[in-house]
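Please construct the entire structure, taking both the sequences and the accompanying hints into account.
The listed protein sequences derive, respectively, from chains A and B. The first sequence: position 73 = 73 (the working numbering), numbered continuously. The second sequence: position 175 = 175 (the working numbering), numbered continuously.
No lab work stands behind these hints, which were simulated from the structure alone.
From the structure, some residues in chain A lie toward chain B, with a derived Cβ separation under 8 Å:
| hint | residue |
| --- | --- |
| 1 | N138 |
| 2 | P145 |
| 3 | G196 |
| 4 | C198 |
| 5 | K216 |
Heads up, the beta-carbon is just placed ideally off N, CA and C, and yes, glycines get one too.
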Amino acid sequence: MKLRHIQTLSGKGERPEQFHVRLAGVAVDSENCVLAVGDREVKRFNPDGRFDTSFPTPDAGWSVAAEGESIWVGMQGKISHFDRQGKLLNTIDDASRLGMVSGLAVKGSVLVAADTTHRTIHSYHDAIWQREIGREANTRGFMIPNGVLDISLEAASDTFLVAHSQKHRVERYRLTGELVDKFGRFGAENPADFGGCCNPTNVSALPAGFIAVSEKAPPLLKVYTADGKFVSQMVGVFDLNAKNIDLAADRRGRLYATDPVRCTIEVFEQQATST
Amino acid sequence: MSDTNRREFLQRTGQAACAVALGSTAIVLGRRACAGDSWAIAPNKCINIRLGVTGADKVCEACATSCVLPLSAVRAVNEHSLCGRCCICPAYFDVRSSMGPDGLPTKKVCPRDAIKRTVIGDVDANDPLNNFYEYTIDEELCNGCGRCVMECKDPAGLGSIRLEVRYDRCLHCNQCTIATHCPEDAYTRVGPQPRPAIALEGEAG
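Below is the structure:
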């Protein structure tokens, strides 16, 4: 299986579908609509890529997640819950505990939030804080010199993935907090390895058990099997200075990747290969 | 030669002599006034520092090779508050080199081995990657070649390492040879020695 670039959404500018300054994160809802958070709003695109609508966020959003009829946006010190029309339903305001929320994974009443400021992951149940995740495995916290801690839900197995950039690996945790397994190592010669100081920077679970990750310097995407076997990579689509390329996948197998420099969302399709 | 012509000749010669004398005096005074001037590197011009230029093949070594001092007055400095303290620092290791048995790259970036890598705290025996490292630059070894600066900058690194003119080492030449050789006009005269942009650790104020 390999990726094929098929479309570019949004961009930097003044038009309704564009972002003025910043694009931070992307997610896909249950109807394959693309949600992009940046500036101080969430923009929604139809499954075919046409701009649909946007709604404001209380603060600058750093991450977005969708589940059922709900949309969640992570900000500095808080996480806001919206309905599909963008109406604010409630906010987890936990500034004493939460820093910059750069990744979200939501399943039912469980919400997991990646906290870049404190290099940890918080678990909430019905909006009530439960625990920090990863402390036993990472006694010095998650190591993220790239400046962003990213996670992705694997809904079918009640697990989520973490891009642990300095350790050059992807880690899998149960929603209840236990480390299940991990894969990846530093290396510059084998494309299966992660290069540079801190890669992969972002991660997303794909349908059919694949995992996509993004790297920086140079910016690229890689696809692995669920147990960490390298499948393919895609280079040359992003601005060379792009880093922390956020990822999300829809139910059709399309992968959406942000280019924070150009404020675009690059759309990829999975293609089966004969090998 | 008539009296009129002689007078005119003497008058013009005198005017020319005065002009030459005044000009020379102005040049000498100007040079004296600028003799103590300091020089600084404009980060938005220096090819080693400015964003958007990456790759070891693009490193400019003019600061290291052009200074009149045996070891250039330009040195690399690491601002520790910005440093990611990475296990595998792209300014320390050549991250494109092959991996050794310890899981680390086998080559270093600095040709003079001027960067020292020390672990912060105890090494986690169960997970050696579970450590932060401090990178300090030995300024007696650094010659300001800029290789580490090129590798540290965003997006590969965090840009904590930069090149600076060490005013305590600079001879404040009026005609700086680094400025003459700088291909990007990044080495610029800044007049009397400016205050440091950031107070060094341990300094009051």
